[in-house]
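Number of protein chains: 2
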Amino acid sequence: MHILVVGAAGMIGGKLLDRIAGQLDVLGEPIEALTIVDVIEPIPPAALSDIANCGQVDLVVPGAAETLIAARPDVIFHLAAVVSGEAESDFDKGYRVNMDGTRALFEAIRKEGQKAPYVPRLVFASSVAVFGAPFPERIGDEFFTTPLTSYGTQKAIAELLLADYSRRGIFDGIGIRLPTICIRPGAPNKAASSFFSNILREPLVGKEAILPVDVNVRHWFASPRSAVGFFVHAARLDLSLLGTRRNLMMPGLCAMVGEQLAALERVAGARATALIRRQPDPVVQKIVSGWPSDFDTERARALGFAAETSFDDIIRIHIEDELDGMFGG
Amino acid sequence: MHILVVGAAGMIGGKLLDRIAGQLDVLGEPIEALTIVDVIEPIPPAALSDIANCGQVDLVVPGAAETLIAARPDVIFHLAAVVSGEAESDFDKGYRVNMDGTRALFEAIRKEGQKAPYVPRLVFASSVAVFGAPFPERIGDEFFTTPLTSYGTQKAIAELLLADYSRRGIFDGIGIRLPTICIRPGAPNKAASSFFSNILREPLVGKEAILPVDVNVRHWFASPRSAVGFFVHAARLDLSLLGTRRNLMMPGLCAMVGEQLAALERVAGARATALIRRQPDPVVQKIVSGWPSDFDTERARALGFAAETSFDDIIRIHIEDELDGMFGG
Chain A
1 MHILVVGAAG MIGGKLLDRI AGQLDVLGEP IEALTIVDVI EPIPPAALSD
51 IANCGQVDLV VPGAAETLIA ARPDVIFHLA AVVSGEAESD FDKGYRVNMD
101 GTRALFEAIR KEGQKAPYVP RLVFASSVAV FGAPFPERIG DEFFTTPLTS
151 YGTQKAIAEL LLADYSRRGI FDGIGIRLPT ICIRPGAPNK AASSFFSNIL
201 REPLVGKEAI LPVDVNVRHW FASPRSAVGF FVHAARLDLS LLGTRRNLMM
251 PGLCAMVGEQ LAALERVAGA RATALIRRQP DPVVQKIVSG WPSDFDTERA
301 RALGFAAETS FDDIIRIHIE DELDGMFGG
Chain B
1 MHILVVGAAG MIGGKLLDRI AGQLDVLGEP IEALTIVDVI EPIPPAALSD
51 IANCGQVDLV VPGAAETLIA ARPDVIFHLA AVVSGEAESD FDKGYRVNMD
101 GTRALFEAIR KEGQKAPYVP RLVFASSVAV FGAPFPERIG DEFFTTPLTS
151 YGTQKAIAEL LLADYSRRGI FDGIGIRLPT ICIRPGAPNK AASSFFSNIL
201 REPLVGKEAI LPVDVNVRHW FASPRSAVGF FVHAARLDLS LLGTRRNLMM
251 PGLCAMVGEQ LAALERVAGA RATALIRRQP DPVVQKIVSG WPSDFDTERA
301 RALGFAAETS FDDIIRIHIE DELDGMFGG
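For the record, the sequence lines run as chains A and B.
Numbered as in full-length UniProt numbering, the first sequence ends at 329 without a single skipped number.
Numbered as in full-length UniProt numbering, the second sequence ends at 329 without a single skipped number.
Hints listed in this document are in silico derivations from the structure and should not be mistaken for laboratory results.
A couple of the hints might just be wrong.
Which copy is meant is left open, because identical chains are indistinguishable; a pair holds if it fits in one copy or across any two.
[To be verified] Derived pair list, reagent style SDA-like, types lysine to any residue, alpha-carbon separation capped at 20 angstroms: (1) K286 x R168; (2) K207 x A263; (3) K93 x V61; (4) K111 x D92; (5) K207 x R271; (6) K111 x D100; (7) K93 x R103; (8) K115 x D92; (9) K115 x D90; (10) K115 x P62; (11) K93 x K111.
Start from the sequences and build out the full structure, keeping to the hints where you can.
Quick look at the structure:
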């Protein structure tokens, strides 16, 4: 089995590779070849260095996607994207990477299939950004996509292409809309959503964190481990169960910031929560208020996708996966 | 005021030009320049020949859209499209014209606006094909777009682009999803929806027509006159009323084939309906059953869009506009 991961240098890509490294038949059959590419050359886990073919690839460069697809990978994970903020500030780059790059990949598969039958599995990382306010209290799977960012627009377009190419039998595709991943490992970054992870990750290692919003702000979360689980499940699932509606919201946990803090205190004690400094930021509060916070994911759950049901679990997973089971709060 | 009509050689484009010819200030201000283009050179109504600049233009030819937009039209009607059947049978052509052509037009406007401020009104002809079965009994304006054709996919992508370009202030756009236009003038064609018009148009001039489906088939209709009215209204409407949700379903009449026939008999007598020959076609019946038939268009109505409320009116409009007020049944 040959696996291609496009966008392998990112956080989810790296964790997906770690998961494959830990269990070479995680996708059903043993993986014999692995191609991992990104705009910077990704580094494979040591256990995969024998089978991994790594490359620095920009999908919109003519011929780049064709070269990747010429090796006829059986499963393709498409995680590559310019993130929300950059797609908004750099119009051309966002459309070039998120729309044209995705289409170039899809077209390369179509062209390869015209030479000899070839219908790979394709798993696409989509986003809640396909939705735009105002929202109903819970967003159902039939709610329309009216993105309020260029990033969300590009993801919604990629979803439409994915559904049409799948309907035509060009590939067997699924688009999974990821919740906000929490607790994101690594250093705090400038994303408006960064604090959702910071307020848990930093106190767990004895560091201060800033909370810029009210404790009653609601959001939709899943752990990095669940996110990898979504991709693995999507790669193995019988997609005929999806019919023609190939894009769906992944399960997650709807929680208020106050619930995050209560869970932190239960797991790590009051000295952890004491490290959180409230410093209201109206700009962040406003951005976050415009995001969807609760979803009806009955469809994904019925198909076997699963995520955490308590923030205690999300914190424990972080302690297990990132802190070797220990925390220094 | 300078008007650009892209796709002006089609039925709706022609009727829109007739409407403008009949009232030069129909869009609010007198029209001083009119550019009309299509893949075949359109012929303007005689009354407009002094101000009309006609051209054979393919938007995806490099520079073609830029040349059109360099004249900085105030209002742009974008009606050009490869139709549903052809977009399905010719994958490349459908995407090239309906997706890349539309994007080329939008990009030309963006590039022109980078030279000096320029934010034209853009009215885009979208379609009920953005929706895909299964449907609720009535499709509301928040129902999701899961097209089951490449044509519908391309229209849905164009809608997303239109909303994003409008949100960014590149143009002031509106996408109007047209009902099935009935009674279409001209000869019967091979479209699966053709019979909806044939069974009225042909008997009105004493000719036979074939009815390939059950009389209880429901569909969603508006007259050509209403369609032109939608475009004119969309060109004049204060689009800030739409907020960021720039694409909407136009009003129409939900009617069964049986109601069409009853209206024909009321308007033209039993000798008209006697000309209809029932010849069930399971293929057509199946295609038509997969189409949406009823919509909640409260939003469009509140914005002032209006259509017929009885099939008697639809037939009378055809008699007035196409048969000089007389019918030969």
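Hints, one by one, checked against the model:
{"no.": "1", "hint": "K286 x R168", "in the structure": "between (42 angstroms within a copy, 19 angstroms between copies)"}
{"no.": "2", "hint": "K207 x A263", "in the structure": "within (17 angstroms within a copy, 77 angstroms between copies)"}
{"no.": "3", "hint": "K93 x V61", "in the structure": "within (13 angstroms within a copy, 22 angstroms between copies)"}
{"no.": "4", "hint": "K111 x D92", "in the structure": "between (26 angstroms within a copy, 11 angstroms between copies)"}
{"no.": "5", "hint": "K207 x R271", "in the structure": "within (11 angstroms within a copy, 88 angstroms between copies)"}
{"no.": "6", "hint": "K111 x D100", "in the structure": "both (16 angstroms within a copy, 18 angstroms between copies)"}
{"no.": "7", "hint": "K93 x R103", "in the structure": "both (14 angstroms within a copy, 15 angstroms between copies)"}
{"no.": "8", "hint": "K115 x D92", "in the structure": "between (33 angstroms within a copy, 16 angstroms between copies)"}
{"no.": "9", "hint": "K115 x D90", "in the structure": "between (37 angstroms within a copy, 18 angstroms between copies)"}
{"no.": "10", "hint": "K115 x P62", "in the structure": "within (19 angstroms within a copy, 29 angstroms between copies)"}
{"no.": "11", "hint": "K93 x K111", "in the structure": "between (25 angstroms within a copy, 15 angstroms between copies)"}
Violated hints are absent here; each numbered hint is respected by the structure.
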